[in-house]
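K.L.:
Listed here are the chains, written in short residue letters.
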Amino acid sequence: MSGGLFKQEEALLNDAKEKESSNSFDAEQNKLLLKGYEKLLKQTRRLVKMSDRTEAELNRMSKEQVELNQTLSEQNTKLETLSVKLSKYLSPQVYESIFSGKAEVRVGADRKYLTVFFSDIVSFTEITDQLEPEILTRSLNAYLNEMAIVAISHGATIDKYIGDSIMAFFGDPETLGPQHDAVKCVTMALSMQEKVKLLNHELNKMGVTRPFNIRCGINSGICTVGNFGSENRLDYTAVGNQVNLASRLESASGVGEVLISEETMLLTQEHFDFEPNQEIHVKGFARPIKTYTVNGHKTRKDLSGNLSFHSKGLDLEIDPLVLNEDSKKAITELIPQLQNIIQQSTKN
Amino acid sequence: MHLEATNRTPEISISETALEMKGECYPEDITAFAEPILESLAEKLKACDVYSVSLELRYFNSSSAKFLFDFFEVLEDAAVAGKSVSIEWRYRSTDNSMKEAGEDFGEDMEEADYQLVEI
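One line per chain: the protein sequences are A and B, in this order. Note that the numbering used here has the first sequence beginning at 1, numbered continuously upward. Note that the numbering used here has the second sequence beginning at 1001, numbered continuously upward.
Here chain B stands alone, though its shape is the one from the complex (with noise of 0.2 angstroms):
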């Protein structure tokens, strides 16, 4: 699954073994937005052992925000059924508030190995 960057939505991969996502992100219809990476990414974790993501967001919004604590719940929720789930949130030097949320999603990843990574 690969999805360009728009204006409002980042760019967005996912493979069998690894999530990638870049850009900024406050959609217009979240929910038509967040289904479809969070169900792909659901069967992609089903379907293997050892699982990587990458994530380097530059904004966003509040409803984005919900959507990123649902689909860290499923990264964490895999680490916890046994999977190897490792997670780097990147985030530019200069920019505090990335680090910040960055900090705060990291907070509730007990079972996956979570990085931040400054760039």
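Looking at chain A on its own, in the form it has when it is part of the complex (with noise of 0.2 angstroms):
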């Protein structure tokens, strides 16, 4: 604060202090003086009372802010916990999507070329018809979580479940490629046929005395992929002639096999063997579909270079293409890691 606040204050006082050393102080001078003090009191009362005002106030202010601070902390964790409750009602992607701004969360939908997958389990209703409710529910759900797990780890995008009935696609709302998109959706569906087996011991267990078996379909195409419903409540998911076929081929499907169109085996006959199966007739397609059953991944080194190899215990896919500096380096330091595992194998 500046002296020049207190002007009037200092000059009486330096004017009281010269008057007093020079011996002419008398009674005006001291009325003056007096008459100032008691101005200057009074103004320091009305300022402490002010100043102790501010104190409270900015304290009451304080503790408010505290308090908005828990109530905002708490609606976060409210939120948080709503959010993660959320995720698993959506795909894994549709939800990084949508919470990190990427997609509007809109009616709306656009074309785009995807791999559909369809699978159900042979004869579920029939098998289900004999178990307990209690075990009904907990078999249906260890396998679809089983499922969802072989799905989510290939990156599909799984749209819903259908009762014992799975729809899942790749192409959206991330993708890599039709071709890509497409091995990854067979490879997928092999591996759910191989994760049955493992599961019938398990259900077994729970006391389901027939195993499951499924069935699936696959189908690639330009589908209509987006947001649908009303503005209250929307389905993510895709429509049209190329999803319903990819439903008929499940249908079509025998047990334990996976049955993909021509479209979806021109794209990914580099990586799979496949055997040619009856032709089918589709509502909205005017020609009868060629229809191949999938017998397996194919296990050598092609003329682009690709390496794809499949067993029990090993999944391998080298696309030297698209290889970076990062995923050679990978591999140089898996080599000596990978002797070490069948050495460590040999042993056991």
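For the record, the hints were derived by calculation from the structure and aren't laboratory data. Just so we're clear, the structure is a prediction, and the values are computed from it rather than from any experiment. It is possible that part of the hints are untrue.
Stated by the list, open to error - Derived lysine-lysine pairs resembling DSBU-like cross-links, with alpha carbons at most 35 angstroms apart: (1) B:K1046 / B:K1099; (2) B:K1022 / A:K63; (3) A:K7 / B:K1099; (4) B:K1046 / A:K19; (5) A:K112 / A:K283.
Claimed, not checked - Residues from chain A that face chain B, not an exhaustive set, calculated with beta carbons under 7 angstroms: (6) Q43; (7) R46; (8) L47; (9) M50; (10) S51; (11) R53.
Unchecked claim - The following residues of chain B were derived to be distant from chain A, with all beta-carbon distances above 12 angstroms: (12) H1002; (13) N1007; (14) R1008; (15) S1015; (16) G1023; (17) E1043; (18) K1046; (19) D1049; (20) S1093; (21) E1111; (22) I1119.
Cβ coordinates follow ideal geometry from the N, Cα and C atoms, glycine included.
Given two chains presented individually in distinct reference frames, assemble the corresponding complex, making use of the accompanying hints.
P.N.:
Below is the structure:
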């Protein structure tokens, strides 16, 4: 605070001091000094009062701020909990694209090239008719849970569960390109077939006497994908003839089979062995649809240099065209580790 | 004289017959802020018979409180000298702090017409 603010008071005091030193301090001077002192005392009292009031106000606001922060923190925790719960209703890619703000949550759809997958459990109704509701619930949830783990690990967008049926697709909201998406989808379907065989041991322990067998259908093509419904209730899904075809392939698939369309076969032929199957007629398609049963992964180093090998305990896919420096370094580092694993495995 | 509001000082208008002050007041240099206002006010009061003042402050610090004591003293002195001085201390209905400050300043106003106005 500058001295200028107390100019009057300082002038009065200096004048009094001067007069006192020159022995001219009189009654008039004394009266002025008293008046000035009285005024200053009054102002000081009020200033202290105002200062106390301001301090009390600041304390109140600070307390309010602390309470507000606490409320905000509680609301954030609630939102986080809610968000985690909500994530279980959505495919991870969809959840991520919504919560990161990449995707708009509104009615609307785009045309995208997708590889669409359908599966269901053969004779599920007959199997479950004989089961207690608790066993039915536990076994179906165990099955869907394991299939979801396989699907997510391969990067699938799980569209929906319809009873024991699963609909998933590759190509939206993330895509590696039609060919990679299709290869991932077929690889996922084969992994699911393997997983079900392992799961049947667990299901048997739960009281499911007849083993689960699944059939899978896959098709690739341009679909309409996006949010369908109303502004209040949206479903993120894919629709169109190509989706219907995937569903129809699933129905036509045999027990434990993966049946794919010609389009998917052409996209994935470098990676899998196929066997032509019967043509099927599908509503919306003028010509009969060629179908192929996937026999398994090809084990060969093809002309493009792709290396693909899959057997029990081993899934290997190397595409030299997309390898970056980090991937190359990782392969170099993995070789001695792989040798070590083989040595340990041989000893055991 | 017209001073635009800053984030630390209020908007101030001083004319021949009226003064208005509105905003927050906690200037970095209270003397540099206060002296021209007090000088201008004293000058205007000398030259007129009727003068009105409207103050609507939302916050002021301790230095500004001392400035306001001096400010009101100038107005009261003018009223004692025979000028017709009217003062409105305007405060928001939810702002008890400014209401009480207005009551405190009003205690010294005997000759000047001092009113608290809730807005």
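K.L.:
Now look at each hint and say whether the structure bears it out.
P.N.:
Checked hints:
1. B:K1046 / B:K1099: Satisfied, since the Cα-Cα distance of roughly 30 angstroms is no more than 35 angstroms.
2. B:K1022 / A:K63: 28 angstroms, holds
3. A:K7 / B:K1099: 28 angstroms, holds
4. B:K1046 / A:K19: 31 angstroms, holds
5. A:K112 / A:K283: 21 angstroms, holds
6. Q43: 5 angstroms, holds
7. R46: Since the shortest Cβ distance to chain B is 5 angstroms, the answer is holds.
8. L47: 6 angstroms, holds
9. M50: 6 angstroms, holds
10. S51: 6 angstroms, holds
11. R53: 6 angstroms, holds
12. H1002: 23 angstroms, holds
13. N1007: The claim stands: B:N1007 keeps its Cβ more than 12 angstroms from every Cβ of chain A (closest is about 18 angstroms).
14. R1008: The claim holds: B:R1008 sits with its nearest Cβ about 15 angstroms from chain A, beyond 12 angstroms.
15. S1015: 25 angstroms, holds
16. G1023: Per Cβ check, B:G1023 is outside 12 angstroms of chain A; nearest 17 angstroms; holds.
17. E1043: Its Cβ never comes within 12 angstroms of chain A, the nearest being 17 angstroms, so this holds.
18. K1046: Label holds. Min Cβ-Cβ 18 angstroms, cutoff 12 angstroms.
19. D1049: Holds, because the least Cβ-Cβ distance between B:D1049 and chain A comes to about 25 angstroms, which exceeds 12 angstroms.
20. S1093: 16 angstroms, holds
21. E1111: Consistent with the label, B:E1111 stays out of reach of chain A, its closest Cβ about 16 angstroms off (over 12 angstroms).
22. I1119: 19 angstroms, holds
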